[in-house]
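Here's the letter readout for the chains.
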Amino acid sequence: MSVGTLRRTRGGVGSSARRVDGVPKVKGAFQYGSDLWAEEMLWGQTVRSPHAHARIRGVDIAKALSYPGVRAVLLAADVPGRKTFGLEFADQPVLAQDRVRYVGEPVAILAAVDPEVARRAAERVVVDYEVLPAVTDMEEALRPGAPQVHEYGNVLHHVRIVHGDPDAPADVWVEGYYETAMQDQAILGPEAGMAVPADDGGVDLYVATQWLHVDRQQVAPCLGLPPEKVRLHLAGVGGAFGAREDVSMHIHACMLALRTGRPVRIVYSREESFFGHVHRHPSRVWMRHGATRDGRLVNVYARVLLDGGAYASSGAAVITNAATFATGPYEVPNALVEATRVFTHNPPCGAMRGFGAPQVCFAHEAQMDRLAQALGMDPARVRLQNAMKTGSVTITGQVVRGSAPVRQVIERCLALPMPEEPAAGPRDPQALPGGAGNVSRGEGVRRGVGIAVGYKNIAYSGGFDDSAEARVRVFRTADGPAVEVHSAAAEVGEGLHTVLVQVARTELGIEHVTLHPPDTAIGSAGSTSASRQTMMSGGAVQLACRAVAEELFRRVRARAASAGRTLRGELTLADGRVLAAGEPVGEVDNYLDEPIEARRTYHHRPTQPLDERGQGDVHVTLAFAAQRAVVEVDEELGLARVVQLASAHDVGRAINPQGVEGQIEGGAAMGLGLALMEEVQLDGGRIRNASFTDYLIPTFLDMPPVVSAVVEEPEPGVPYGAKGVGEMATLVATPAIVAALRAATGRPLNRAPVRPDDLIGLAPPVASGPPPPAPAVPGPRPVPHYHGLDAGQQELMRPESD
Amino acid sequence: MEVLLPRTLDEALAIKAGRPEAVPIAGGTDLMVALNFDRARPPALLDVSRLPELRQWRRKEGWLVLGAGVTYARIVRELPEVVPLVQAARSVGSPQIRNRGTVGGNLGTASPAGDALPVLAAYDAEVELASAGGRRTVPFNEFMVGPKKTVLRPDELIVATHWRFVRGPGSFSKVGTRNAMVIAVASVCLVLDEAGHTVRVALGSVGPTILRAPDAERFVAGALAAAGWWDDPRATLPAQVAREFGERVAAAARPIDDVRGTAAYRRHACGVLARRALVWALEARRAA
Chain A
1 MSVGTLRRTR GGVGSSARRV DGVPKVKGAF QYGSDLWAEE MLWGQTVRSP
51 HAHARIRGVD IAKALSYPGV RAVLLAADVP GRKTFGLEFA DQPVLAQDRV
101 RYVGEPVAIL AAVDPEVARR AAERVVVDYE VLPAVTDMEE ALRPGAPQVH
151 EYGNVLHHVR IVHGDPDAPA DVWVEGYYET AMQDQAILGP EAGMAVPADD
201 GGVDLYVATQ WLHVDRQQVA PCLGLPPEKV RLHLAGVGGA FGAREDVSMH
251 IHACMLALRT GRPVRIVYSR EESFFGHVHR HPSRVWMRHG ATRDGRLVNV
301 YARVLLDGGA YASSGAAVIT NAATFATGPY EVPNALVEAT RVFTHNPPCG
351 AMRGFGAPQV CFAHEAQMDR LAQALGMDPA RVRLQNAMKT GSVTITGQVV
401 RGSAPVRQVI ERCLALPMPE EPAAGPRDPQ ALPGGAGNVS RGEGVRRGVG
451 IAVGYKNIAY SGGFDDSAEA RVRVFRTADG PAVEVHSAAA EVGEGLHTVL
501 VQVARTELGI EHVTLHPPDT AIGSAGSTSA SRQTMMSGGA VQLACRAVAE
551 ELFRRVRARA ASAGRTLRGE LTLADGRVLA AGEPVGEVDN YLDEPIEARR
601 TYHHRPTQPL DERGQGDVHV TLAFAAQRAV VEVDEELGLA RVVQLASAHD
651 VGRAINPQGV EGQIEGGAAM GLGLALMEEV QLDGGRIRNA SFTDYLIPTF
701 LDMPPVVSAV VEEPEPGVPY GAKGVGEMAT LVATPAIVAA LRAATGRPLN
751 RAPVRPDDLI GLAPPVASGP PPPAPAVPGP RPVPHYHGLD AGQQELMRPE
801 SD
Chain B
1 MEVLLPRTLD EALAIKAGRP EAVPIAGGTD LMVALNFDRA RPPALLDVSR
51 LPELRQWRRK EGWLVLGAGV TYARIVRELP EVVPLVQAAR SVGSPQIRNR
101 GTVGGNLGTA SPAGDALPVL AAYDAEVELA SAGGRRTVPF NEFMVGPKKT
151 VLRPDELIVA THWRFVRGPG SFSKVGTRNA MVIAVASVCL VLDEAGHTVR
201 VALGSVGPTI LRAPDAERFV AGALAAAGWW DDPRATLPAQ VAREFGERVA
251 AAARPIDDVR GTAAYRRHAC GVLARRALVW ALEARRAA
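Just so you know, the protein sequences line up as chains A and B, in that order.
The numbers in my numbering rise by one with no breaks, and the one at position 269 of the first sequence is 269.
The numbers in my numbering rise by one with no breaks, and the one at position 250 of the second sequence is 250.
Please note that the accuracy of each hint is not assured.
Claimed, not checked - Reference excerpt, derived from the structure (chain B facing chain A, CB under 8 Å, subset only):
1. Ser171
2. Thr177
3. Arg178
4. Val259
To be clear, the hints were calculated from the coordinates, so they are not data collected in a lab.
Quick caveat: nothing in here was measured; it's all calculated off a predicted structure.
Here a beta-carbon is modelled for each residue, glycine too, at the ideal position from N, C-alpha and C.
With these hints in hand, go ahead and build the complete structure from the sequences.
Pasting the structure below:
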């Protein structure tokens with residue numbers, strides 16, 4: 001190839017490269033987990049508990065088993081291996097044994113020749129329940145004499161952070177109580193997968209998930225199989241947001257496939273999906289902030305309760321996050337945080353975008369506004385004055401070593417243009433609160449503006465050796481050099497696979513990059529969560545590419561040497577060519593008689609668990625965001641319309657600017673949902689609105705234009721200096737919007753979502769008594785601690801025996 | 001499950017006479033949800049979406065005859081002059097739902113939250129029902145007798161709804177907890193009848209059926225008459241008329257607390273919506 005036909009390598013790091021899965025998704029050709037199909041396939045169905053707490057006296061499956069078309073009906077006794085599973089602790093029964101602990105808990109599974117037969121047969125499974133008293137209120141659960149969800153009590157984990165002198169005096173104190181509701185991830189694709197029995201006695205599971213390897217770690221022991229006989233393959237994922245961190249239909253489908261010898265597919269209905277995955281923990285938060293007269297934070301007290309429902313899930317990590325971020329991205333010299341993750345007989349809660357940070361961000365940002373008001377200061381100024389920066393010390397005693405442009409995100413956010421003021425005269429109802437309902441022409445509509453700042457960790461914390469593996473292969477094709485990237489990292493809709501392709505293009509100067517389907521044939525990539533994959537799997541691909549380049553350069557030098565030439569200067573790759581000191585040496589193709597392959601694992605800097613005073617270097621990288629919301633409220637009808645969201649994000653470096661913008665907008669939509677409408681409504685542990693008819697998420701008419709700015713201050717020590725951006729918009733959107741609603745109405749709104757009744761004063765602010773006393777469980781090793789990849793292997797211990 | 005596909009209304013009625021358990025399906029926007037949620041497993045579906053007579057609307061001697069199978073999307077496109085109906089139609093679901101959903105479906109489901117129903121109530125519409133044995137016409141307020149309860153007999157199909165054109169402004173409004181694609185928490189249709197000197201107001205989603213507010217209607221018609229407003233729309237009305245009208249409408253609501261909203265909010269919203277609708281109607285006639 002001559003220099004004249006040089007093809008530039010496009011779509012590398014820093015460009016808004018076209019998504020690798022974009023065209024098939026837009027055209028409807030992308031195969032999601034719910035599209036899986038195989039010859040001779042059976043349909044799996046789950047029989048679930050109608051009670052929040054009951055003893056199972058017996059299960060009669062005779063009628064179901066004899067129903068024509070049914071191939072298997074399985075109960076707890078049929079679980080071949082370990083009877084329980086769990087992300088951090090194996091506390092959740094694969095199928096309920098003698099007791100059910102929440103409405104929707106799986107009791108029996110069956111496989112049938114079609115979905116209708118499966119449904120009808122499921123109705124014929126007769127379970128004899130003895131209904132027991134349930135505890136469905138998180139404060140109630142902490143009181144003596146409350147029904148016990150587990151024999152080890154109603155506390156999964158308690159975190160106490162003691163920082164500085166919690167008795168330090170302050171000039172001005174503000175106090176508040178805040179609640180957030182249980183939120184659903186509202187994944188577009190419900191839980192779905194297909195298990196195919198294999199000739200070696202093992203099973204291949206195709207499943208829409210966030211982390212193939214942690215699934216396998218939980219699935220294999222329950223099946224009584226060695227891990228190598230349980231092979232997982234990523235099926236098309238229709239959104240995740242934390243909902244796919246826990247095992248759902250995985251073990252059930254495998255059990256049915258192994259029992260029947262046929263492929264078994266399980267796809268949850270939308271209603272079932274509300275029982276099939278964990279939700280965002282509902283929260284109750286008490287906070288007291290003390291400051292000097294000139295607005296310096298002196299002392300913060302926070303009492304945080306999260307209702308985790310019936311099982312552990314990732315609740316211990318969620319409460320640790322909630323505790324460590326409880327005081328916000330501010331310098332706080334003295335603090336006491338007491339945070340408890342409670343068990344109740346509600347549906348289990350676990351991971352959701354933000355992972356404990358949104359609940360406390362809602363509270364600490366309301367407190368900052370309260371403080372500003374008490375001091376007669378501008379809310380932005382109070383935040384700027386206390387903003388964390390590189391070198392600041394967090395409440396866990398961690399010195400912030402990485403970039404921490406808190407001041408910059410606030411200033412950039414406030415500098416974004418405000419929306420236009422509405423013109424005088426009647427307005428188009430569609431653009432007003434109430435939208436398509438045609439309720440107003442502008443009467444009774446008031447504007448309000450609010451801001452919020454928040455922060456969160458990137459990747460896993462607390463001493464967990466977080467890692468990601470990738471394999472990169474460079475080979476020759478008729479069209480020139482090509483790259484194959486193999487990683488187990490799940491693309492869940494956020495654009496990770498495009499990022500991995502961009503990294504390979506930039507590192508190797510080769511545009512033609514394909515991805516091997518993600519599976520467990522390669523090592524773990526870790527979870528697609530915690531905003532970590534750009535850093536972790538991006539880092540693994542970068543390392544593997546660099547190893548490949550090294551071998552390529554070795555070949556280049558060897559060939560030059562055999563021709564009697566010495567290459568001067570550093571060798572680099574660009575546009576399909578090898579360069580020495582910037583000067584072309586030859587086409588990469590010429591050195592690929594044998595393909596080059598490398599496999600590498602990326603680890604981030606080690607962190608530490610919290611000690612008994614809640615101190616430690618727990619987080620590896622922190623990301624910050626500020627958001628301003630402009631809302632309109634119909635003061636008479638209590639309807640709200642967000643007019644604009646302005647968002648500034650600390651991203652280190654934008655690998656794919658359009659992807660970053662997409663995450664900011666999508667994350668903001670999710671935070672808007674929690675601010676205004678999203679709530680899994682519970683009544684005695686029963687979900688009252690398990691459908692998209694009654695669990696409302698924002699529509700196009702609810703989502704305003706989002707104007708965003710990115711602050712690119714590269715994070716030292718991480719690939720390209722890039723920070724993840726998946727979660728930050730979600731945590732700041734809710735408090736910013738609710739602050740704007742407070743400004744518009746003058747009402748002390750302290751619960752999200754805000755209901756019309758709250759906006760017009762039909763319902764008073766939620767009230768609370770004093771914070772509940774901290775449980776006596778915290779200690780050097782609180783019950784239990786986070787084990788990450790050792791998931792599913794931990795037994796929950798009684799606190800006294802630990 | 002059998003799916004029966006008649007080509008004409010007569011054929012459909014003959015099938016229905018023999019198979020009264022067959023459930024009619026047009027757009028399927030309610031029925032398919034029920035099937036999906038496993039709440040209904042009818043032995044047979046009777047597809048009425050291709051019956052020509054049901055898909056038509058026409059004007060006839062001062063009446064509008066609206067076939068039961070006319071979709072909301074067509075109402076928005078083809079009947080712009082029937083403002084309250086268009087406003088109700090535009091508030092139904094999403095564009096996809098509006099392309100499928102029909103007024104006949106709202107009548108058949110008979111949910112108090114059916115968006116088109118307050119409009120039919122305010123227009124004093126009639127519902128035309130047919131069976132193999134013949135046809136009958138039932139006033140809307142006698143057709144719907146409770147939540148999801150109507151006087152439709154098992155051998156009958158809903159053919160159309162008709163009402164006499166009303167000269168005068170009117171509107172439909174509904175509140176929900178998001179700005180589109182929401183089931184009504186409360187809805188109000190107000191129609192001002194310039195010829196009859198009446199104001200009619202109907203409420204959705206705040207009672208077991210669609211409610212009218214006769215006390216409020218009489219009050220406001222009287223107040224307009226007393227002010228000479230019917231003859232001169234520029235005549236000044238006492239300021240508290242609209243407010244009191246709203247209060248009386250709110251008093252007519254019989255709401256409950258449910259997963260979508262509280263009874264107190266629903267009653268309050270009815271009052272606000274009715275007051276605003278009256279003000280808009282008065283302004284519209286004044287400006288006309």
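Report task. List in ascending order the numbers of the hints, as given earlier, that are violated by the structure. Result -> Of the numbered hints given earlier, the structure breaks none, since each of them holds.
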